[in-house]
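K.L.:
With the hints as a guide, dock the two chains, each given alone in a separate frame, to form the complex.
Top line first, the protein sequences correspond to chains A and B. Each residue of the first sequence is one higher than the one before, starting from 1 at the first, in my numbering. Each residue of the second sequence is one higher than the one before, starting from 1 at the first, in my numbering.
In short, the hints are calculated from the structure, not lab data. Cβ atoms here follow ideal geometry from the backbone N, Cα and C, with glycine treated the same way. Treat the hints loosely; a few may be bogus.
Claimed, not checked - Listed next, with one range per pair, are the computed distances between beta-carbon atoms: (1) B:ALA143 - A:HIS46: 42 to 52 Å; (2) A:VAL51 - B:ALA143: 50 to 60 Å; (3) A:ASP98 - B:LEU58: 43 to 53 Å; (4) A:THR52 - B:THR122: 53 to 63 Å; (5) A:ALA116 - B:ASN55: 44 to 54 Å; (6) B:SER46 - A:THR52: 56 to 66 Å; (7) B:VAL59 - A:ASP98: 46 to 56 Å.
As the list claims (entries may be wrong) - A partial selection of chain A residues facing chain B, derived with a Cβ cut-off under 10 Å: (8) ALA29; (9) ASN36; (10) SER38; (11) ALA39; (12) LEU45; (13) ALA79; (14) THR135; (15) THR139.
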Amino acid sequence: MSKAVWTAAAALAVFTIAVPAIAQSTATATVNVTVNVSARATLDLHGTNSVTFADADPDTTPSIAAPALTIDVKSRTSAASNVTLTVVSNQDLTSGSDVIGIANLTWTSTGTGFAAGTMNKTTAQTVGSWTGSGTRSGTVTLKLANSWAYNAGAYTATLTYTLTAP
Amino acid sequence: MRIRSVIVAAVFIGAAQASPALAQPQSATATMTVSVSTSAKLTISSSTLTFADANPDLVPQIAPAQGALSITAKARATDNAQVVLTVQADDDLRSGLQVIPASAITWTASGTGFASGTLSKTAPVTLGQWIGSGSRTGSQTLAFRNLWTYATGTYTCVLLYTLSGP
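In isolation and in its complexed conformation, chain B is listed as follows (with noise of 0.2 Å):
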């Protein structure tokens, strides 16, 4: 019986003294790639521009039923590559065979970079221009000259908005 109790006791303390060793510290490395594309969004707050007839003598230069367009140019460029939103109108405003210059349309523009402008059909006319990645919101208030040599007609033309990130 004696004999017995000492073998437990010494099976026990063996037991206790062998604990797990903790591992050695060790270290790795992760290495991480991150992609970053160039990339530009274009949001404007009206697809439609609709300027109703006004007297000329009393309403020189009409302003659009729509009101001042908010536009958000939002682009992923290179470190210091220029950022450009540029307007060109598709035609001359027409009514059938009657016309009425592009440029009939001008505008004027806020927001930091937004610039202020006169509409062509030949060639994009910039809008806003801006340096590096970023998002920007500015205004663009079109107004339309009312002048009396104009033929009676409903005259319509299309201007297409460029925002250009390389």
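In isolation and in its complexed conformation, chain A is listed as follows (with noise of 0.2 Å):
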């Protein structure tokens, strides 16, 4: 008697993979910024850095004006500081031993915030004040009082702007 084996295939089955399902289809991420602005000023005279007033007739001529010197002011302070452009005087006027008194020199200005004034020798006189930060341009005029009392010579003297923009 023969014995036959059988051997039986696999039963019917079913697979399922599910591959795990992110929750989101929106993903976010977040990136911090931080602008760092500190104080800092810049004073630009256009042009050149001298002033010549030509001689001249003081009966034609009572005023000298000189070429009109264009100023930029640019500073970045904390809000509601106050930004000041002075000059002032480093002497009288001199040619040797003869003196022009310094209160001679006066000058006219225009520009927002600027401002007209006679120059000094002693005190820094205010050219501009502004508010704030920002950028602010402007002219300075510098005229000389012209008089017969003046002895010939060659007279100078060397001014000194300052911006402050605390």
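P.N.:
Listed below in structure tokens is the structure:
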């Protein structure tokens, strides 16, 4: 009697594979931004660092004007802080032993915040004042009172402009 | 003695003939189901950006110290669905009471599908968009517009990046 040996095939099977679903279809990320703004100031006297007054007849030219000086003032400061531009002379107008009082030098100005004034050799005089950060441009025209009383000579002085932006 | 031998042989012969019969070929089917859900994953190379102070005349656009952001947007979406990456500021740049508009920050971008733009606090701005599933990598180079008019301070805001893959 032969004995048959049957091998059964695998039965019907169902396989299910589920890829783990990530819960969201929206992803987010944040980036923290920091911007540092520090105080700074720049002063630019355009074109020239020398001013020359030509000789003139005091009867016909009682006030000698120099070419206008263009000034750019740029500053960053805390809000509501005062920004000030001043000027002071190092001495009276001097030619050897001869002197013309520096108060004979005055100026007019244009531009928002710029002011007219009279030169001084001991106390800085305000040329312009503003509040807070920004850029300001204006012109300053220096004028020398002309007089027959002046001795002939080449008179000089040095003007120092100072921009303060705390 | 002779009869016994014959019987033993017969038993062996019979055993050899009754080798196990091979089963008939069987077949079965297996049904596989794979579930793929929509998902999104967003990676940004830095969670902070810092813009240092600089002279506006020399550096009108300031780059962050961290350099360009490397961004990887991975999404599984339905066929032909639009995948969008946006960025929005939570507020203007603020330092106490002082404000610099969020629009002072702009960016350029590189990488397929990535786009340049200007930051907004009121609406998300598209940084990238694609069709369908995939992994996309690009870079975002942000810049801060540097002006003299800013008040001094340390300004901050938060950028929210959102990747949507429906």
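K.L.:
Against each hint, give a clear statement of whether it holds in the structure.
P.N.:
Against the structure, the hints come out as follows:
1. Between ALA143 (chain B) and HIS46 (chain A) the Cβ separation comes to about 30 Å, which falls outside the hinted range of 42 to 52 Å.
2. At about 42 Å, the beta-carbon gap between VAL51 (chain A) and ALA143 (chain B) misses the expected band of 50 to 60 Å.
3. Separation of ASP98 (chain A) from LEU58 (chain B) is about 45 Å and conforms to the stated range, judged on CB atoms against 43 to 53 Å.
4. The beta-carbon spacing between THR52 (chain A) and THR122 (chain B), approximately 57 Å, falls within the hinted interval of 53 to 63 Å.
5. One distance hint, 44 to 54 Å for the beta-carbon pair ALA116 (chain A) and ASN55 (chain B), is violated here, with the actual separation near 31 Å.
6. In this structure, SER46 (chain B) and THR52 (chain A) meet the distance hint of 56 to 66 Å, their C-beta atoms being roughly 58 Å apart.
7. Distance hint for VAL59 (chain B) and ASP98 (chain A): a CB-CB separation of about 50 Å, consistent with the stated range 46 to 56 Å.
8. About 5 Å separates the beta-carbon of ALA29 (chain A) from the nearest beta-carbon of chain B, less than 10 Å, and the hint is met.
9. Restraint check, ASN36 (chain A) versus chain B: the minimum CB separation of about 5 Å is within 10 Å; hint holds.
10. For the restraint placing SER38 (chain A) at the interface with chain B, the shortest Cβ-Cβ distance is roughly 4 Å, inside the 10 Å limit, so the hint holds.
11. Because the beta carbon of ALA39 (chain A) sits about 5 Å from the nearest beta carbon in chain B, less than 10 Å, this interface hint is met.
12. Interface restraint check for LEU45 (chain A): the shortest CB-CB distance to chain B comes to about 15 Å, outside 10 Å, so the restraint is violated.
13. Satisfaction of the interface hint for ALA79 (chain A) is found here, the shortest Cβ-Cβ separation to chain B being roughly 4 Å, below the 10 Å cut-off.
14. Restraint check, THR135 (chain A) versus chain B: the minimum CB separation of about 5 Å is within 10 Å; hint holds.
15. Evaluation of the THR139 (chain A) hint against chain B yields a violated restraint, the C-beta minimum of about 20 Å exceeding 10 Å.
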